[in-house]
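There are 4 protein chains.
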Amino acid sequence: MPQLTVKQLQDFLQTDFPQSSVIVEAVGDQCATIRQVIDGSHLRPGGTVSGPVLMAVADIAMYVALLSEIGIVPLAVTTNLSINFLRKPAADRDIVAQCHLLKVGKTLAVGEVSLFSEGVSDLLAHVVCTYAIPPRV
Amino acid sequence: MPQLTVKQLQDFLQTDFPQSSVIVEAVGDQCATIRQVIDGSHLRPGGTVSGPVLMAVADIAMYVALLSEIGIVPLAVTTNLSINFLRKPAADRDIVAQCHLLKVGKTLAVGEVSLFSEGVSDLLAHVVCTYAIPPRV
Amino acid sequence: MPQLTVKQLQDFLQTDFPQSSVIVEAVGDQCATIRQVIDGSHLRPGGTVSGPVLMAVADIAMYVALLSEIGIVPLAVTTNLSINFLRKPAADRDIVAQCHLLKVGKTLAVGEVSLFSEGVSDLLAHVVCTYAIPPRV
Amino acid sequence: MPQLTVKQLQDFLQTDFPQSSVIVEAVGDQCATIRQVIDGSHLRPGGTVSGPVLMAVADIAMYVALLSEIGIVPLAVTTNLSINFLRKPAADRDIVAQCHLLKVGKTLAVGEVSLFSEGVSDLLAHVVCTYAIPPRV
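Sequence lines, in order, name chains A, B, C and D.
For the first sequence, my numbering gives the first residue as 159, with consecutive numbering after it.
For the second sequence, my numbering gives the first residue as 159, with consecutive numbering after it.
For the third sequence, my numbering gives the first residue as 159, with consecutive numbering after it.
For the fourth sequence, my numbering gives the first residue as 159, with consecutive numbering after it.
Just chain A, with the same shape it has in the complex (with noise of 0.2 Å):
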């Protein structure tokens, strides 16, 4: 299976997850890079990034890298998400993800996500994640 590219991943997020604000820097050797520009709907009381809006960027992260390796699978699902938040976002950098794929089966994949205050190298939360992969005809 031929990898997608940046374009395609950003290409596919935009036109099936429009709500979703989140660019697609890198992807390759099990890897993805998202980036998600913050604005004031992100952080909530004391100035910070939300939580929610951390997991939702580690769970894309995770969606990108997957998907970069297997194609499109629109139907592929997070089973399992486990975060640990470990210091408090900047509330204005933007949030850097980094994915990499721990296993790619038939029909599960799991990976771990660094998330990070845009030029900032301590680790912000790190996720491990579980996407359940439907039966490919």
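The set of hints was computed from the structure by calculation and includes no laboratory data.
Keep in mind that the hints are not guaranteed to be accurate.
The calculated DSSO-like cross-link candidates involving lysine-lysine, where the alpha carbons are at most 30 Å apart (straight line), are [claimed, not checked]:
1. Lys165/C / Lys261/C
2. Lys246/C / Lys264/D
3. Lys264/D / Lys261/A
4. Lys246/A / Lys165/D
5. Lys165/D / Lys261/D
6. Lys246/D / Lys261/C
7. Lys264/C / Lys165/C
8. Lys264/C / Lys264/D
9. Lys165/D / Lys264/D
10. Lys264/A / Lys165/D
11. Lys264/A / Lys261/C
12. Lys246/B / Lys264/A
13. Lys261/D / Lys261/A
14. Lys264/A / Lys264/C
15. Lys261/A / Lys165/A
16. Lys261/A / Lys264/C
17. Lys264/B / Lys264/A
18. Lys264/B / Lys246/A
19. Lys264/A / Lys165/A
20. Lys165/B / Lys261/B
21. Lys165/C / Lys261/D
22. Lys246/C / Lys261/B
23. Lys165/D / Lys264/B
24. Lys165/B / Lys264/B
25. Lys165/C / Lys261/B
Counterexamples of contact, computed for chain B against chain C with all Cβ distances above 10 Å [said to hold, decoys possible]:
26. Val235
27. Glu270
28. Glu276
The beta-carbon is built from N, C-alpha and C at its ideal position, and this holds for glycine as well.
Using the hints provided, position chains B, C and D relative to the given structure of chain A.
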């Protein structure tokens, strides 16, 4: 420590989390039930409630259950959230979250949250959540 | 599929997992209760049951609950196990594990397990466990 | 706090956890590598290393990595351990665990552990582990 009432918790959420629209339905005995009214903004393609909405509702259910036990401690923060997605939510039903605290320690609290589509008994998703409780003066 | 009985499950464990000494106490209604008799080999310094023993007992409780529903499927394997350690087990009491299946699908089953020291109502640890079920011919 | 050496950690394990036979291979830079020599007592039917052995090795790898950073704090305890089982371990190879600490805070430390069969590059299992660190006097 006297437990907080439904009204006190609802008032706190409306003041401190004005962007959240959850309704506190019941608290007590280390439990809390909340409801998220679902509208188009909560859906994703395929006509179902998006995963991040479920994660956000579970996180708030745990927060409400915890504050009902320890009082208003706004600095309590989620350190870990692990969710298993079990069934596809209905697009036209509210989400109901029932949290049960498993332990409230001095520095950590752990709870589980069961998520349902209103009026449907099958579990949509199951969450285990840990909060860190800041030292109280 | 007719449910298996306590005796059938106990016989299966004794034949296929002779190194395990757990006792199947009850099965039915998507639940199972098992007991691990505790001796010195299960303890760690400090006079408490070691964490790996708790994890092993939880995993077997989930296996027993699952097999009681789907029949003897020896190739069902754990894919994810997440445990929260809540309280220190007594060194001189057996460990009792109660599993409740949250979903039994075609390829995945998810359950939660509550672990207790026998005769003590406070929860020692809480586990969520996923098994992959191989295709049945 | 000066980091502990491999020898200091090995001596501590041998004194305080005499039932464990893990070998500390390397520590430093928020990382630790340990090895579990595998014999028949670690196997389960089917000729593979049992899941609880993998969980135990991951937990010790995290403990060694943490102590190498904060010094000998015997009362540090695991609060959460989440493992994804990815591939079947070889029965005739030692288990090697590499832990990388993601955060060492005042009261909590989080790390991830990658588990391998010695000499095989495919990941067997991936673990995320949280330890609670007691207040230091």
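Status of each hint after checking the structure:
no., hint, result
1, Lys165/C / Lys261/C, "holds, 24 Å"
2, Lys246/C / Lys264/D, "holds, 22 Å"
3, Lys264/D / Lys261/A, "violated, 33 Å"
4, Lys246/A / Lys165/D, "violated, 36 Å"
5, Lys165/D / Lys261/D, "holds, 24 Å"
6, Lys246/D / Lys261/C, "holds, 25 Å"
7, Lys264/C / Lys165/C, "holds, 26 Å"
8, Lys264/C / Lys264/D, "violated, 44 Å"
9, Lys165/D / Lys264/D, "holds, 26 Å"
10, Lys264/A / Lys165/D, "violated, 43 Å"
11, Lys264/A / Lys261/C, "holds, 21 Å"
12, Lys246/B / Lys264/A, "holds, 22 Å"
13, Lys261/D / Lys261/A, "holds, 25 Å"
14, Lys264/A / Lys264/C, "holds, 14 Å"
15, Lys261/A / Lys165/A, "holds, 24 Å"
16, Lys261/A / Lys264/C, "holds, 21 Å"
17, Lys264/B / Lys264/A, "violated, 44 Å"
18, Lys264/B / Lys246/A, "holds, 22 Å"
19, Lys264/A / Lys165/A, "holds, 26 Å"
20, Lys165/B / Lys261/B, "holds, 24 Å"
21, Lys165/C / Lys261/D, "violated, 47 Å"
22, Lys246/C / Lys261/B, "holds, 13 Å"
23, Lys165/D / Lys264/B, "violated, 35 Å"
24, Lys165/B / Lys264/B, "holds, 26 Å"
25, Lys165/C / Lys261/B, "violated, 35 Å"
26, Val235, "holds, 17 Å"
27, Glu270, "violated, 7 Å"
28, Glu276, "holds, 19 Å"
Consistency note: the structure conflicts with the earlier hints numbered 3, 4, 8, 10, 17, 21, 23, 25 and 27.
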